[in-house]
Amino acid sequence: MTRISLRITQSPPEAEVMIRFLRADGGWLYITATVDTGAEITFLPIDLLAILAYDTVNTAHLTVERAGVKKADYEVVETSILVQIEDEFGNVSQPFTMPIWFGQTSVRLFGMTNALERGVLHLDMQALSGYIDIP
Amino acid sequence: MSRIRMSLRYGETPANVFSDFAWIRQNERELLAKYGECNILVYQQQVIGFGNNYQEAVDNAEQNITVGDEEITPVHQWLRERSQRIGMLRKISANQ
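Those sequence lines, one after another, are chains A and B. Just so you know, we're using the numbering used here here: the first sequence kicks off at 1 and counts up by one. Just so you know, we're using the numbering used here here: the second sequence kicks off at 1001 and counts up by one.
Treat each hint with caution, since some may be false.
[Claimed, not checked] Ranges of calculated distance between the beta carbons of each label pair, as one might list FRET restraints:
(1) A:Ile46 - B:Arg1029: 26 to 34 angstroms
(2) A:Ile46 - B:Glu1062: 41 to 49 angstroms
(3) B:Ser1002 - A:Glu117: 34 to 42 angstroms
I should point out that these hints are in silico values taken from the structure, not numbers from a laboratory. Everything numeric in this text was worked out from a predicted model, so none of it was measured. C-beta: ideal position from N, C-alpha, C; glycine also.
Okay, chain B solo, but in the shape it has when bound (with noise of 0.2 angstroms):
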């Protein structure tokens, strides 16, 4: 059975989550400089996951995370270098 519930429920808001965010955005040049670009699974100020891709990380977390009763709700964040600009796309045509 996962402890890790990636799933909340409608207007629920785990006392991590803003404070992992704000944890990330904090550490952002060091978890990069360690993970490099991917996507992580923050817990309580730890990453316990990370992968190309959101599945990935939550994989690699439910691996890296001990047999417990306790349920726990990671935050996911995508690690990214700021130095480029992203945006500004806009449609050109339609596929069949």
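Isolated chain A, as found in the complex (with noise of 0.2 angstroms):
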């Protein structure tokens, strides 16, 4: 296991997890995301979908919509996408792949639902720790 620190803000309380994501070029992106307890899958903006190497064969489209809040409804795209997750001690994990809803906005979500099926996420707000520790 590797242990990936997060960045904890108080107010809002947040974490915040830096993921790299395979690129079409071949070469991988860094992207910050916001870590969603809660969420199913990570959520990013569709225009990144053109420049990610996303599996083109595995792609759904579907309507989600933010917990509780009616009219919040999003089209996504559901793929998956090779990616890494790291911090800035030079801690990295393996690259695994994540599935991810591309769609309408610009808030970027690390969903932990699925990210939990791989690692444990600990969180300690008011002490502003938080960590990943995955494979």
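Join the two chains into one complex using the hints; note that each chain is given alone, in its own frame.
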């Protein structure tokens, strides 16, 4: 297991993770995303789909909603991309394939439901401490 | 020939990456006041491009940087107001 440190803020209480995404040109792109402990899947702006190396075979179109918020539906493209998560101390996970929703949004959310199948999330918001243990 | 390289090799972490992300965090309020919510490209603690999405920010940076030989590896970040909570998305249907 590798311990990946998160950046924690208290106002508002959030944890942020740095992710490397495989690009369509074979390189990698850093994107920071807010950890969403309740989200099923990572959620990114759809304009990024044009530059990332997504799975073109297993791609689906879905409607998703923000939990508890009526009229907050999004049309999304569900696919998957090879990623690594990393921190500023040089800790980096093994590459793994992560399902992702792309939609008309600016938000970048790291959905923990899927990631927790691979690792363990530790959050102590008061101590401004957080990390993910992941292979 | 573009000097801007956003595509990194496997395992490559240019020296500016983490210091530039840290600089953005430390100066987030000032950057938001200047640019508003948008995508920015930062290299060595300078905003070199901004736009409504990733590609607009890259294109803007291409116009702003001077011609030269030195390759640069800016970081990309979305500036946002942190007063609103985001998240908690769930699937409700599959479309055709």
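Going through the hints against the structure:
1. Distance hint for Ile46 (chain A) and Arg1029 (chain B): a CB-CB separation of about 28 angstroms, consistent with the stated range 26 to 34 angstroms.
2. The hinted range of 41 to 49 angstroms is not satisfied by Ile46 (chain A) and Glu1062 (chain B), whose Cβ atoms lie roughly 22 angstroms apart.
3. About 39 angstroms separates the C-beta atoms of Ser1002 (chain B) and Glu117 (chain A), a value consistent with the hinted range of 34 to 42 angstroms.
Hint 2 alone, counting from the list given before, is not met by this structure.
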